[in-house]
Amino acid sequence: MSENNRVVITGIGALSPIGNDAETTWQNALKGVNGIDTITRIDTENYNVHLAGELKDFNIEDHIDKKEARRMDRFTQYAVVAAREAVKDSQLDIKANANRIG
1 MSENNRVVIT GIGALSPIGN DAETTWQNAL KGVNGIDTIT RIDTENYNVH
51 LAGELKDFNI EDHIDKKEAR RMDRFTQYAV VAAREAVKDS QLDIKANANR
101 IG
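One point on numbering: in the working numbering, the residue at position 12 of the sequence shown is 12, and numbering is uninterrupted.
Just so you know, these hints were derived from the structure itself, not from any lab. Here a beta-carbon is modelled for each residue, glycine too, at the ideal position from N, C-alpha and C. All the pointers check out, no bait thrown in.
Heads up, simulated DSBU-like pairs for lysine-lysine below, C-alpha to C-alpha not over 35 Å straight-line:
hint: 1; residue 1: Lys31; residue 2: Lys88
hint: 2; residue 1: Lys67; residue 2: Lys88
hint: 3; residue 1: Lys66; residue 2: Lys88
hint: 4; residue 1: Lys31; residue 2: Lys66
hint: 5; residue 1: Lys66; residue 2: Lys56
hint: 6; residue 1: Lys66; residue 2: Lys95
hint: 7; residue 1: Lys56; residue 2: Lys88
hint: 8; residue 1: Lys95; residue 2: Lys67
hint: 9; residue 1: Lys56; residue 2: Lys67
Simulated restraints, written as ranges between beta carbons of each label pair:
hint: 10; residue 1: Val49; residue 2: Asp93; range: 44 to 50 Å
hint: 11; residue 1: Ile39; residue 2: Asn5; range: 39 to 45 Å
hint: 12; residue 1: Asp43; residue 2: Ala83; range: 30 to 36 Å
hint: 13; residue 1: Glu54; residue 2: Gln27; range: 17 to 23 Å
With the sequences and hints as input, model every part of the structure.
Dropping the structure here:
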């Protein structure tokens, strides 16, 4: 990359153990909220680790059509939701800026 290329962050999207959107995540980070808790998604009886940061109260169907969501693994679902939030936050007109973003 040459020194003349610029990268601009125009929008933010986030899903985390302390918030299901960027604003909630940020506010909870400022408050020092801890997102680490007992693992609930899998049985950890046979593992040494029993704590992790999991998303809480997150329903993918609030963000993605059920049929579309079934075609994705959980982490892809999270990425799509965060990316959509970032695009919305950017307030970019995608069609008008199609050659300038990517």
